[in-house]
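Chains as they are written, first to last, in full-length UniProt numbering: chain P, 1 to 366; chain D, 1 to 366; chain S, 1 to 366; chain E, 1 to 366.
Source of the hints: derived by calculation from the structure; they are not laboratory data.
Just so you know, not all the hints are guaranteed correct.
Identical copies go unnamed one by one, so any copy, or any two together, can satisfy a pair.
[What the hints assert, rightly or not] With a cut-off of at most 27 Å between alpha-carbon atoms, the simulated DSS-like pairs for lysine-lysine come out as follows:
| id | residue 1 | residue 2 |
| --- | --- | --- |
| 1 | Lys198 | Lys164 |
| 2 | Lys99 | Lys75 |
| 3 | Lys317 | Lys255 |
| 4 | Lys146 | Lys255 |
| 5 | Lys164 | Lys255 |
| 6 | Lys255 | Lys99 |
| 7 | Lys99 | Lys66 |
No experiment lies behind these values; they were computed from the predicted model shown.
Protein chains: 4
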Amino acid sequence: MSGNSFGKLFTVTSFGESHGLALGCIVDGCPPGLELSEADLQEDLDRRRPGQSRYTTQRREADQVKILSGVFEGKTTGTPIGLVIENTDQRSKDYSNIKDQFRPAHADYTYMQKYGVRDYRGGGRSSARETAMRVAAGAIAKKYLKDFYGVNVRGYLSQLGPIKAESVDWNQISENPFFCPDASKVAEMEEYMHALSKEGNSVGAKITVVAQNVAPGLGEPIFDRLDAEIAHALMSINAVKGVEIGAGFDCVAQKGTEHRDEILPEGFASNQAGGILGGISTGQDIVAHIALKPTSSLRIPGRSVDVEGNQVEVVTKGRHDPCVGIRATPIAEAMLAIVLLDHTLRQRGQNGGVKHSIAVIPKGQG
Amino acid sequence: MSGNSFGKLFTVTSFGESHGLALGCIVDGCPPGLELSEADLQEDLDRRRPGQSRYTTQRREADQVKILSGVFEGKTTGTPIGLVIENTDQRSKDYSNIKDQFRPAHADYTYMQKYGVRDYRGGGRSSARETAMRVAAGAIAKKYLKDFYGVNVRGYLSQLGPIKAESVDWNQISENPFFCPDASKVAEMEEYMHALSKEGNSVGAKITVVAQNVAPGLGEPIFDRLDAEIAHALMSINAVKGVEIGAGFDCVAQKGTEHRDEILPEGFASNQAGGILGGISTGQDIVAHIALKPTSSLRIPGRSVDVEGNQVEVVTKGRHDPCVGIRATPIAEAMLAIVLLDHTLRQRGQNGGVKHSIAVIPKGQG
Amino acid sequence: MSGNSFGKLFTVTSFGESHGLALGCIVDGCPPGLELSEADLQEDLDRRRPGQSRYTTQRREADQVKILSGVFEGKTTGTPIGLVIENTDQRSKDYSNIKDQFRPAHADYTYMQKYGVRDYRGGGRSSARETAMRVAAGAIAKKYLKDFYGVNVRGYLSQLGPIKAESVDWNQISENPFFCPDASKVAEMEEYMHALSKEGNSVGAKITVVAQNVAPGLGEPIFDRLDAEIAHALMSINAVKGVEIGAGFDCVAQKGTEHRDEILPEGFASNQAGGILGGISTGQDIVAHIALKPTSSLRIPGRSVDVEGNQVEVVTKGRHDPCVGIRATPIAEAMLAIVLLDHTLRQRGQNGGVKHSIAVIPKGQG
Amino acid sequence: MSGNSFGKLFTVTSFGESHGLALGCIVDGCPPGLELSEADLQEDLDRRRPGQSRYTTQRREADQVKILSGVFEGKTTGTPIGLVIENTDQRSKDYSNIKDQFRPAHADYTYMQKYGVRDYRGGGRSSARETAMRVAAGAIAKKYLKDFYGVNVRGYLSQLGPIKAESVDWNQISENPFFCPDASKVAEMEEYMHALSKEGNSVGAKITVVAQNVAPGLGEPIFDRLDAEIAHALMSINAVKGVEIGAGFDCVAQKGTEHRDEILPEGFASNQAGGILGGISTGQDIVAHIALKPTSSLRIPGRSVDVEGNQVEVVTKGRHDPCVGIRATPIAEAMLAIVLLDHTLRQRGQNGGVKHSIAVIPKGQG
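Chain P on its own, in the form it takes in the complex (with noise of 0.2 Å):
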């Protein structure tokens, strides 16, 4: 029950089929004086948006946003948002032979299961397509840290299938069609994903998102800190199956003295933490992974049920993304934001004010 919103202060609520007649959001709670236009939502929907390359699903939608109440005068009211876009490319017919059928790794058995019915149509409410309106979302938060704190939130695939990115030049992540930002591996992952996409086959992927010149005392310990809900965050987008932050799960073989960041008068020593001490922002850069899994629509035949329980083939022939986490930055990025400025205005609820870094210790290199 009423599971489709986040945020306490900067509250999002969404709803949307793949197949219905739109989705759409409101975003509550953005403080007024924020410039924003549709064309501001625009270029990240963009990034997200598919058929924009041969690596994605060629479905082809506009994700159009508009914008329908809350600005007033080209600046945000303080008063709800509400954002809609319409679905102008849904093809129901490709998908009715999936209408008694349980794909495999897909919702649409535990959406039975849960609900007693379900749009088939598309995954419907299960469908990645509802991660349009994250990012349209998202992109509000954005904006309001950029304009109003000078933050940066940003990210790139670290990991397709086999293949890590082993360096990370900002400036190529919009170069390449996979947001990678290691110019040396994209022939090897273009070569990758044509060898897949041959086989019918889909991989999963691992993506990287930072946030830079975050104010540090962000989180509220001991259960909404600011880790756990950057976890909920990502751990809510579609396919992901794990959550780091800093060193993640590399800190399990670590010892003390190599995990702790040491701090000098210039600022931390490192950041395996990845900016945040007990639940609560350091100043230095917010780092989060996700592991996204492969995409469970395949050209290669998997065994399944059927509504009455009958073994089945199961075979999906409809328009796909071979790699889900091609897409992903751009609703990482929205959901880190959207957690970032939740927890800076709850942060200005609390003193009246959000703090930068203290003279002594400034944020550092780390």
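Place chains D, S and E on chain P using the hints.
This is chains D, S and E only, laid out in the frame that chain P set:
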């Protein structure tokens, strides 16, 4: 502000510092009719309790919990359950030397940045001592799930520093001080801890928690997905830096054919998903893993600054766990149980009941 | 920040200004399986719609609602229901003269103080126009309560300025433009409104809402008591300045013997309590009354200040209701229904169902 | 389920029954830096405490509050404040006779219907005894508002049964056992209570609460309007059946010219609105009134049923207040203060501060 509550219908709110008078919590929303006594909570509290072996802190706390309300004639009444544990072995003098210093990798610095003041005695609110109340509250959730739904929530240490448990024998877990399910690794772990202790260093760990016999249909997409809430709950535990559901980060390099759990008439053929698809439980085992960082309190000196920004050398001489992961198993179980009960009640709100697997799709071996 | 959501399990979040492109809301948490079409919502929307009689504003709005999601093959799916109503008759020019003035008793001044900016066109977000979405969302709640529990939520105008309805004939309410249940008072009301209109003045009103066949056991003490949530819901309606449950303010002068509702084997002997004891429904009719202030937009000049603090004289010439109470009946019904459905779901969460009166204590005539 | 928390950023969660071991609450979200001691809470607790005069119950409770956490070196730290009051004078034997009966107008019947079980000792959770914790939590809110914003929250008994206070002298309120601000009515009240007591009957009351020096801009339309949240808070107090803001139900018969508060350059000309327009504070005094029903525990027999539905005659012989309204003034103040502090923090979250009236529009005499 106000981040000390967790859960929507089954809500846990906690208070208390390491060296204050007492820890406490309010469990609001436990349905009436559950048989409950202090002994039911004490069992898990004793599993988490410090000073039980040479591998954990030597602080001696009885961790005796008192139920102050919400139970009448041996059963819960549906009204809030007030719990309190008095602190008895706080030695504030141990900590006076760190009053004006920020211990590396501790929350000292961030609490100071956030609140402008901090209770430096034993880490105050940021101490892992607060997890005692999580365990007490979680014991109520575990008992309700067990008594009314036959759900079994349990966990184990799956990795201690470099040493991995390679088999899972549930009967072994209580037979060693590490919660290790692989008897063949215990000696190695003892040796490792011994050397670590001599060195004055600490190490990370990995914990796995499993819930068996969970009903399908739990979880509220898109933001309150079951996996997202589990991630939130587990990442909110002190020292946790990563959370995985099922295959977790392994799925990055998996192909679709490898990851997808096929469905047979007798059940799922595998459980890469960790029991959750589309944010909703499948009825298979829920499986989650967490990474815990090495304890930050070390006898090996580390560089830091004091409140005035001067370089200082920090050595921690208090009583500390060389591996916080060792005592974390009951805490992770508690948080998983709290999420599951909360979502069980939410699902009951939706359809007036919680289904167990439908006949045609038994839960299988997954 | 983010105050545009109501309800915990059945959650309504709304957006939209008087003269923006559209109004909308998201109804999250409606259980699956409810038959629902736009026509079901339109009925109540038409009851609230302006321009229906000479006694309400002459603004012409079709108030045609569109369901954008959450309904599939004629039934709700359990996923969020997106609703939108386009504004079609906004005449912004009417309001340009009040851009820099604060109309007395309007929200102009407080919105400016709060947000530092305001959409002055027709009152922006503070316009009663937003109540259209409350009515649409409430129609869903009313239908669920009716179809699944036989609960009947309805209301009437109990007082118009000095004129009180002295009898309640439910069949009369739809027969006159005032929602008046006492046919003998309609002519007097018409005359009164005619004189008022001539005078350029406005007047207050009192509305009564009743829910019949409510299950006992709804309400969550101590803070989410049913009466407290009803008070919240009703007081959140524009222009409402008072809320009563049952005897309301009459109980100030009542003695205990007069107020207490005795219980007979066949049911309660009276209903001074308005169907709620200790914050929980008794199974009797829920009865609530609200006071609505007179419309603040008058043709009779009033003193105010402009944004620079200069004294000005304000005259409102736009299209306005001379008595906002007249159209308030469906709005109050909607809010009561939303609270009742939310608490029905919360009670189902507690015990897996909602009891109807137990045999020994039938609901009686109270 | 889980209805024992109130407030979004300043959150109060409480537990405890009339005859349990203790009452307690957690105040989460109090900003750091507030000077706070137990004595600060005791003052208001003593005003509410029973057994202070012959006009209230003779139960003797010290109501000695203990602060268990959240305060360090005399100041709040921003972490949750745990409070506890032990019950010392519970005489469970007094109540054994009502174990199987439903006292008319009490919550006995509804608690049984809701939970299927009840702690019948002294009303259990439904006893007004829980209001002690509201007063303790409210004292923190009052002190913060006073120390940081100069806001003054206070109240008085405006009517006792048929006797109205006709003037308000704030200095008189503490001079009589009724919290009556009109010294000329005290003798009449004493006489009335004496007769009532002889008769074995009880009577209702009306309380007025006022907050002075409130900043404009508090309140979050459209659902978390300030008036709506005040209504929620006040209606959640035991025995309250009505809430009014400003003119309240008087506005039903008012004309627009009478109700609208004109604005002069030196401030508002009147305060019919009770300090709230459009759900947002104006900067004028917040004024609210509540109606409290007569105590339901009477020595005069009343008809009811037992748990098997048999007709019984109920007579209450325990220790009870003949007019619960008498002790309700500090409770109402507490709830108003909690709402105001919560909304102060929410408004700080929006704009990083809370404005006091802008120069051109001083708060005036309203």
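Classify it for me, Lys255 with Lys99: is the Cα-Cα distance of at most 27 Å met within a copy, between copies, both or neither? Answer is between; shortest inter-copy Cα gap is 25 Å, intra-copy 52 Å.
Could you place Lys164 and Lys255 in one of the four classes (within, between, both, neither) given a Cα distance threshold of 27 Å? Both, since 25 Å and 16 Å are each at most 27 Å.
Reference check for the pair Lys198 and Lys164, CA-CA at most 27 Å: within, between, both, or neither? within (22 Å within a copy, 38 Å between copies)
If the cutoff is 27 Å on CA atoms, where do Lys146 and Lys255 land: within, between, both or neither? Let me know, please. neither (36 Å within a copy, 38 Å between copies)
Homomeric proximity label, Lys99 with Lys66: Cα distance no greater than 27 Å: between (32 Å within a copy, 26 Å between copies)
Copy assignment of Lys99 with Lys75, given that the CA separation must stay at most 27 Å: between (45 Å within a copy, 16 Å between copies)
Under a CA distance limit of 27 Å, which applies to Lys317 and Lys255: within one copy, between copies, both, or neither? Answer is between; shortest inter-copy Cα gap is 18 Å, intra-copy 49 Å.
The structure does not agree with numbered hint 4 stated previously, though it agrees with all others.
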